[in-house]
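Chemist: Here the structure of chain E is known, so what remains is to put chains G and C in place on it, guided by the hints.
If you want the building blocks of each chain, they are given just below.
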Amino acid sequence: MCRLLVIVALLACAIGVSAQPDVDPPEWTKTQRLGVGQTVYFNAWGGDPAINRYIEWSAGRVRERYGVQLVHVKVTDIAESVSRIMAERVAERDDNGSVDLLWINGENFAALKQADLLWGPWTGRLPNAELIDWQGNPTTRIDVTLPTEGFELPWGTSTFTLFYDRSHVASDAKPPPRDPATLLRWIEAHPGRFSYPQPPAFLGTAFLKQLLLLLTDDLDRVQRPVGDDFDAVTARLWAWLDRAHTGMWRRGRLFPRGGPAQRELLAGGELHWMMSYNPAEASRAIRQGELHESIRALHLEGGALANSHFLAIPYNAGSKAGAMLVADFLISPEAQARKSDESVWGDPTVLNLERLPATDRAPFEALQPGAATPSPPDRLLAEPHPSWAARLEREWLERYVR
Amino acid sequence: MKRRMRAGVLILLTVSGVPTLSGLAAALWFGVDAASLTRVLDTPGIGLSIASSVWTGLVATLLSLALAHLAVAVAATGGWRRRLNAFSLPLLAMPHLAVGIGLALVLAPSGLLLRLISPAVTGLTEPPDWLSVQDPYGLSLIAGLVVKETAFLVLVLFAALTQVPAERLLLQARSLGYGRLKAWLVAVAPLLQQQIRLPLAAVLVFGLTNVEMAIPLGPDLPPTFSVMLWRWFVDADPAIHVQAYTGTLVLLFVTVLTVIVASRAARAFGVLWRRWAENGSRLRGEATARGAVGAFVSSVWILGMLALFAILLRSAAGVWRFPDVLPASAALSSWSGVLPAAGNVAGTTILLAAATALVGVILVLPVAEQLHRDAALRSRLGAWLFLPLLLPQMTFLFGVQVLLAYLGIDGTFPAVLWSHLIFALPYLWGLLAPARAAIDPRYLAVARTLGAGPARAWLTATMPLILRSILLAIALAFSVSIALYLPTLFAGAGRIATAATEAAAAAGSGTLRLAAVHGILLAVLPLAAFTAAYAAGAALFRNRRGMPR
Amino acid sequence: MSALTVEQVSLRISGQTLFAPFDLHVPAGVVTSVIGPSGSGKSSLLAYLCGTLAPEFEAEGRVLIGDDDVSRLPPEQRGLGILFQEPLLFPHLSVRGNLLFGLRADGGRRARRKIADSELASMGLAGFGDRDPETLSGGQKARVALLRVLLSKPRALLLDEPFSALDHDNRVKVRQLVFDEVRRRKLPTLLVTHDEADAASAAGPVVALATVEY
Chain E
-2 MCRLLVIVAL LACAIGVSAQ PDVDPPEWTK TQRLGVGQTV YFNAWGGDPA
48 INRYIEWSAG RVRERYGVQL VHVKVTDIAE SVSRIMAERV AERDDNGSVD
98 LLWINGENFA ALKQADLLWG PWTGRLPNAE LIDWQGNPTT RIDVTLPTEG
148 FELPWGTSTF TLFYDRSHVA SDAKPPPRDP ATLLRWIEAH PGRFSYPQPP
198 AFLGTAFLKQ LLLLLTDDLD RVQRPVGDDF DAVTARLWAW LDRAHTGMWR
248 RGRLFPRGGP AQRELLAGGE LHWMMSYNPA EASRAIRQGE LHESIRALHL
298 EGGALANSHF LAIPYNAGSK AGAMLVADFL ISPEAQARKS DESVWGDPTV
348 LNLERLPATD RAPFEALQPG AATPSPPDRL LAEPHPSWAA RLEREWLERY
398 VR
Chain G
128 MKRRMRAGVL ILLTVSGVPT LSGLAAALWF GVDAASLTRV LDTPGIGLSI
178 ASSVWTGLVA TLLSLALAHL AVAVAATGGW RRRLNAFSLP LLAMPHLAVG
228 IGLALVLAPS GLLLRLISPA VTGLTEPPDW LSVQDPYGLS LIAGLVVKET
278 AFLVLVLFAA LTQVPAERLL LQARSLGYGR LKAWLVAVAP LLQQQIRLPL
328 AAVLVFGLTN VEMAIPLGPD LPPTFSVMLW RWFVDADPAI HVQAYTGTLV
378 LLFVTVLTVI VASRAARAFG VLWRRWAENG SRLRGEATAR GAVGAFVSSV
428 WILGMLALFA ILLRSAAGVW RFPDVLPASA ALSSWSGVLP AAGNVAGTTI
478 LLAAATALVG VILVLPVAEQ LHRDAALRSR LGAWLFLPLL LPQMTFLFGV
528 QVLLAYLGID GTFPAVLWSH LIFALPYLWG LLAPARAAID PRYLAVARTL
578 GAGPARAWLT ATMPLILRSI LLAIALAFSV SIALYLPTLF AGAGRIATAA
628 TEAAAAAGSG TLRLAAVHGI LLAVLPLAAF TAAYAAGAAL FRNRRGMPR
Chain C
41 MSALTVEQVS LRISGQTLFA PFDLHVPAGV VTSVIGPSGS GKSSLLAYLC
91 GTLAPEFEAE GRVLIGDDDV SRLPPEQRGL GILFQEPLLF PHLSVRGNLL
141 FGLRADGGRR ARRKIADSEL ASMGLAGFGD RDPETLSGGQ KARVALLRVL
191 LSKPRALLLD EPFSALDHDN RVKVRQLVFD EVRRRKLPTL LVTHDEADAA
241 SAAGPVVALA TVEY
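Chains as they are written, first to last, in my numbering: chain E, -2 to 399; chain G, 128 to 676; chain C, 41 to 254.
Okay, chain E solo, but in the shape it has when bound (with noise of 0.2 Å):
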């Protein structure tokens, strides 16, 4: 009788365990059939040239695998891809519109999920998704306090990570500043070696909102609507901001336009600071040569903001299958395995490592984390509600734009 019970909660534990629904075998070969010889136009940010080569790898993967041509159509900013999106459905073109698969997260996302743009939910059909830590990483379902439902398919997760220049802003003796309030007296006491994007560049509005969560009292009310309270909760913000800007890097009056930007600027010598999603960053860089070695990594105390970033189709892709196809292959363990690799992009995975396989895990555990690479944050901070981005940035602009 006891037997029994175990087996019985032992299986009810698989059940509960598995969040998506299994993949119906036929369903999937024929996706693979209908995508062969498809075009598959990906707008993904074409910012980041080692992002492209690895899209570029994918591309020839996915060739060779289903016959699919994945065109990479790079973008600015997803904004661009979001409004042509739009346009479309002014226009009319239902089917056979311009992209296939986004790139994309956060307000974007809400934009076209709201606006029905979206064709979904599709991610439960792929063979790979019960691949991915749907529970221990709450950022797969969850984009910016909105929930996917099946619509987006997690590519990988962010965390805000600051990066400095060891040799000239701590030593052995002297550690780095690690939380705001230190950090705000080293930037007043080295003026101009400290930026960060403007707003409302992506990079620089997840500045303020690190910030943010890190400067307020109650981390509950930021993932509820923005409302009139905003001036008292984010005070001490813009207090900080305030001070910090007199010691700003060309005196707060121009900043750099994403991140990349800022990384020639650190190269350069004429910063000393740089921050980015990507925890792998900096030793990407310096594997290439493009930064020098002194450069280092830390997370804020009190928590990284952290966030999924997505692959999503439009309702009007016309190459839905092919999509599917590039989607699945992208959340693979060779693609997310080769795209974790600092030397290529070093991305983290999305990927629960315990349950694949030993010798799809081993090219994970093979990867050496350089020395510019953090140790994890203490704590995984969630997105705040995306209306309080949008004022956040509002109210950047109104009081920094002269």
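Read the hints as simulated data drawn from the structure, not as lab findings. Source: prediction; values computed, not measured. We treat Cβ as the ideally placed atom computed from N, Cα and C, and that holds for glycine. Check before you lean on any hint, since a few could be wrong.
Below, a list of computed lysine to any residue pairs in the SDA-like style, where the Cα atoms sit at most 20 Å apart [as the list claims (entries may be wrong)]:
(1) C:Lys154 - G:Arg402
(2) C:Lys193 - G:Arg391
(3) C:Lys193 - G:Ser408
(4) C:Lys154 - G:Ser408
Covered by chain G, per the in silico footprint, the following chain C stretches (three or more residues, Cβ under 8 Å) [claimed, not checked]:
(5) 101 to 113
(6) 124 to 135
(7) 216 to 229
Modeler: Showing chains G and C alone in chain E's frame:
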């Protein structure tokens, strides 16, 4: 004959006019919205943004005009006309985007200029925190515009010089006791000025509305108005989209207003000029003035060449710590990552440019032939073809995208080719129509009376005489196409990647290194085209002295 | 007023001599005519005298005004006025503007305007000050051009076939006007022409350019 003439003219006007006018109509249709206007005017920093557009456009145009006139005056009266011509050509050939990226690399605190003089002259071992590029007053933007527009205006002035009896007028003025410089500036320059009104207006409009120079060099907090609009067009929020349409109408309004004010101011300036002409002072001590002008022109040229050099260096540089002049290591990682894709980009860019040049020349030559006797119609057609250059590109280009989407061809090569033709035709017409009209009509008469039919007469009598101009026109259209950014972006729906779109995207995200890699293509291709055209032109008929140049 | 003297002037181009070295002495108030067929180098001679000879030419000799050797001076400092076949009035200046350009810089604006207007009146062109030069007849333009060069107070005057563009009636009148003025102001004048009637009316010495025989 009349019917054929009308067909050719109609084709040209259709290619050029239909997208322009429909684009304008679309902008008006979508953009006239009171709520949207309020939102536009409510944007933080909008006033400053518009002001900086007007300020940089006006100052850059004024400086370029003054410098161009002075340069031409000093060179024409000093015997170094050829050298000035040669100086201006490479600057003219390089697209605005390439010059902008290059200058950003030169003028930055960690840029080439400071590296050359540090620590020797400045004593700096770390890049200083100076706002030398993208400064809020737009000075670096003005510098970039001046480098390009001075070269352009110099060449336009030289072209106008052929229509003016300069030698005689100069001699007349000198015989009245005036030194060379004042003689030129009073007797010849005003006549030249009257001839260059249209190109000058185009320069002003470009200065007010461009993104190509403003993206790498313009201020960012807030950016110039056109850069702000560019960012709005790309935004996901549909409300911001309508805002963008309304914004382009505001841009159009501001542009028209500024041009009107500028021409009024020019008239007032003309009064002052006449006072100076009539005050009788003979102005003998010219050496300092000539020296100063020479120094200015040289610095402009040096800046341009440094920009080119900086692009080459930056694209290959790995770790490049300040203040090393040359990078310590060459990290071809940028190149190796980009090379396969760069091959594609180069192929598309060259194909598109070659197609623009060939189709453009084929469209223009027959009409130039038909209208070679009708000066009035020639200049009217030229004015209509010039219209797209007098409007802010953004105002009608987004509407063009709607038109192309309805025709189902947006994002295709022919659509982008069409958009490039719109901007190449005015230059092609401006070069080939006068060249054809300048040929003595008696050559053709002789050929016909000797028994040749119209086609053979054209091939043997007319075409060889304008062959050099045709080669130059091909190089010109080729270069115009390579430089075009907004048209490729809008008509190509972001799918057609050319050197310009890649360089602009990279510069827009601040990745100057990647921008430099694409910038090389941008800078080198037009130079190569012009060199080839000149070399071929010189080689052909080099043993015949009677050929038109 | 002093005389215009040309000493041993000879011009060569591409090794070929245009005319043999010769001397010319033009006393004050006298109009000397230089006659020769086209291609004989008359215009080149004038260009040499002005100081605007093209660099392809080689020149020998001296030009003197009174005792001053002006051979090495730039054109604007020689004090030699010139009238061309075309009046070459600057089209972007008014008639008065053209005159003011020629007038020396003494005096304030109003004084100079008065001088210009009174000169116009004395030529029978009263009230023409604000007119656009293009609206004037050939004869009127020639008179304005003459006034302009005279107002610049030249020390000698060169005439490069200035009457050949005018119709017969105007030609006679303008010619007489020019010669009367230069005699009145005692300007040594050199007239280059191929028209014998001009030379006759000048009533001065006539020089035929001796072309070199090949």
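Chemist: Evaluate each hint against the coordinates.
Modeler: Status of each hint after checking the structure:
no., hint, verdict
1, C:Lys154 - G:Arg402, "holds, 15 Å"
2, C:Lys193 - G:Arg391, "violated, 37 Å"
3, C:Lys193 - G:Ser408, "holds, 14 Å"
4, C:Lys154 - G:Ser408, "holds, 17 Å"
5, 101 to 113, "violated (count 0)"
6, 124 to 135, "holds (count 7)"
7, 216 to 229, "violated (count 0)"
Checked against the numbered hints given earlier, the structure breaks hints 2, 5 and 7 and satisfies all the rest.
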